[in-house]
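Participant: Each chain, letter by letter, is given below.
Number of protein chains: 2
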Amino acid sequence: MTERLPFSITARDGAARTGAITSSRGVVRTPAFMPVGTGATVKAMFPEDVKATGADIILANTYHLMLRPGAERIASLGGLHKFMHWDGPILTDSGGYQVMSLAKLRRISEAGVTFQSHLDGATIELTPERAIEVQCLLGADIQMVLDECTPFPATYEEAKKSWDLSLRWAERSKQAFAVQASPEQALFGIVQGSVYPDLREISARALIDIGFDGYAIGGLAVGEGQDAMLDMVEVTNAVLPQDRPRYLMGVGTPEDLLAAIARGIDMFDCVMPTRSGRHCQAFTWNGRLNLRNARYADDAAPLDAESACPAAHYERAYLHHLVKSGETLGSMLLSYANVQFYQELMTRARDAIAQGRFAAFVEDVKRRYRMSNDTDED
Amino acid sequence: MTERLPFSITARDGAARTGAITSSRGVVRTPAFMPVGTGATVKAMFPEDVKATGADIILANTYHLMLRPGAERIASLGGLHKFMHWDGPILTDSGGYQVMSLAKLRRISEAGVTFQSHLDGATIELTPERAIEVQCLLGADIQMVLDECTPFPATYEEAKKSWDLSLRWAERSKQAFAVQASPEQALFGIVQGSVYPDLREISARALIDIGFDGYAIGGLAVGEGQDAMLDMVEVTNAVLPQDRPRYLMGVGTPEDLLAAIARGIDMFDCVMPTRSGRHCQAFTWNGRLNLRNARYADDAAPLDAESACPAAHYERAYLHHLVKSGETLGSMLLSYANVQFYQELMTRARDAIAQGRFAAFVEDVKRRYRMSNDTDED
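Protein chains in written order, with numbering that gives the first Met the number 0: chain A, 0 to 377; chain B, 0 to 377.
There may be inaccurate statements among the hints.
Copies of the same chain are indistinguishable here, so a pair counts whether it falls within one copy or spans any two.
[As the list claims (entries may be wrong)] List time: in silico DSBU-like cross-link candidates among lysine-lysine, alpha-carbon distance up to 30 Å:
no., residue 1, residue 2
1, K103, K323
2, K365, K103
3, K103, K173
4, K103, K160
5, K323, K81
6, K81, K42
7, K160, K365
8, K50, K160
9, K103, K159
No lab work stands behind these hints, which were simulated from the structure alone.
Isolated chain A (complex conformation) (with noise of 0.2 Å):
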């Protein structure tokens, strides 16, 4: 099955490593990030502006797709690549997550999840063989089981039992998949365990006996906290075969990104930097700057320096103008700039990783991040 998404390590610093997994619409370098087009649209940004920041894929919503428009219309309007303008790679995650905690009246039986529209009310079921015919309609090139993303916290039990769950879900998917699917997508399963060790190897071992294209790891910066989440990371990925790509679903911080390819992850999503650029945040080579403070109301320097974003050589003073008067261009630029500025540390990362200098690297940034501790004034 692996050779449905050819995934090549070019260097390894450490546990870290880089690499390129080659998809059918083209190459994602990793270490990748993926900005999240929620809603087929990464949010307050044009595609063309997303590709050059440096993404080579993107995330879009199982959920929010199928309850708006309807997998089945964007089926018809000649699929999810289309009818978004992005023909890079999509990966899609399975609703799960979403149905757990924006959808009403949940109801998980063996079969699936049944559950109310957040939106209209309307009564759904999405099963494993549903969220594979979703993803099929949607045309997403990587796609991902259906699982319960278990909550936390939860005990030993509870997460054991969630996850024997997220295990049958993840046969089904997988049966559903090489029915549906065309040859060039590919599926992930995840990994769940909620804290527990055994659980988390437990969990990749019966993934890897199923085979998948690639491994994430779910269920985890939910509240567990960064070295909760990090150790996690470690046991999974020492028993995730190394030849595989390996994605951290939902996380995080630019330290949280580092920490997590240090210990060889090679994907990862997060609304961090659009949600973050709608609420005047910003994330630069000189640390994370909040906007609105009052101390850039005359600040003559651009936005980042040390950024190639054109987003990013507006001055701060006129982003902190915007930001203060709810002008949409504050929120497409400062998206536009974390957006890049995460790709930017994707591609340092890489570039560190292939010359043996990762280590020193994640120091810097640290170090950068440390300083630059701008405090919510305003």
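Following the hints, position chain B against chain A.
Facilitator: Coordinates of chain B only, in the frame set by chain A:
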């Protein structure tokens, strides 16, 4: 004084004329439509995209900018052009219109107008001299005299009294401008007089006696209806000098623009393309569309196949999805497409005038707009 703003008319077709205004920051092809950049941003658009639509000049609002971020601040940051990343010409209004429509507790005296900021309640005085000072601090290429935008409806006596005050303010504005402005900057007078032809004539003649680089027609499109508006345009243009630009303030729909061009107007500004873009409305070469309408949910046609705008090539089904979902990208794409439509309308109007077929062009556009009465079914 006219050497400040060379204006050459290259062709006429009836009363319509096409030509070019030469500003130190670039040539403005006329008839010209100025997108409105209220608070130092044409809302929801990158400045390079505003330029790409074909806009030669934009308008910015003195009232908004003097309140936030402040004219002195913009001056200390290098002026409005640098601040907002727009290197072409900028016309600023005098602030009078917004004082009447937005500010609280207005008190008009011979000296000027005192009001409370709608942002923070601060008491501010705007005199003719201060209005010029603010526009010079911003670095506006074309500046406007402070006037009282006569409320509508107004009795003849009210309109005359209002105009008498505006005339005295126009004289003071010109005196202040002569002292403060640089030789590259220009000043326009504003004809008032409500819907009274003789007041419009008197107003125009009095302003000509003072002498300005161009003449605006104000106090229209405030509820008097298109017929009355066009009557006032005709009356006024019969008096205004042929060799100076004529600017109809705050107008309007595509049909309004063409009817005013047919009567000899050279310049326009209006929030309509951007405001409509944020409210799901599109201007296209096939008429006005309301993208919220359910009829577009499965419409695979591009927004406007006839437009050269990249944003107009997105499918209607996608734009419908974006606006139904409240996604910022919907406002971004529709604002961009609308501003470009307005610019293409001006380009085609200029070409039609140059080729002596302006009346036929107007009929064609009017027919297209009559045929597409997109209802607000949603």
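Participant: None of the hints should be skipped; say for each whether it holds.
Facilitator: Checked hints:
1. K103 <-> K323: Classified as between; 21 Å across copies, 35 Å inside a copy.
2. K365 <-> K103: Answer is neither: 40 Å inside a copy and 50 Å across each miss the 30 Å cutoff.
3. K103 <-> K173: within (27 Å within a copy, 65 Å between copies)
4. K103 <-> K160: Cα proximity of K103 and K160: one copy only (22 Å, versus 63 Å across).
5. K323 <-> K81: between (36 Å within a copy, 19 Å between copies)
6. K81 <-> K42: both (17 Å within a copy, 27 Å between copies)
7. K160 <-> K365: Intra 38 Å, inter 68 Å, cutoff 30 Å: neither.
8. K50 <-> K160: Cα proximity of K50 and K160: none, with 41 Å in one copy and 59 Å across.
9. K103 <-> K159: Within one copy only: 24 Å inside a chain, 64 Å across chains, cut-off 30 Å.
Checked against the numbered hints given earlier, the structure breaks hints 2, 7, 8 and satisfies all the rest.
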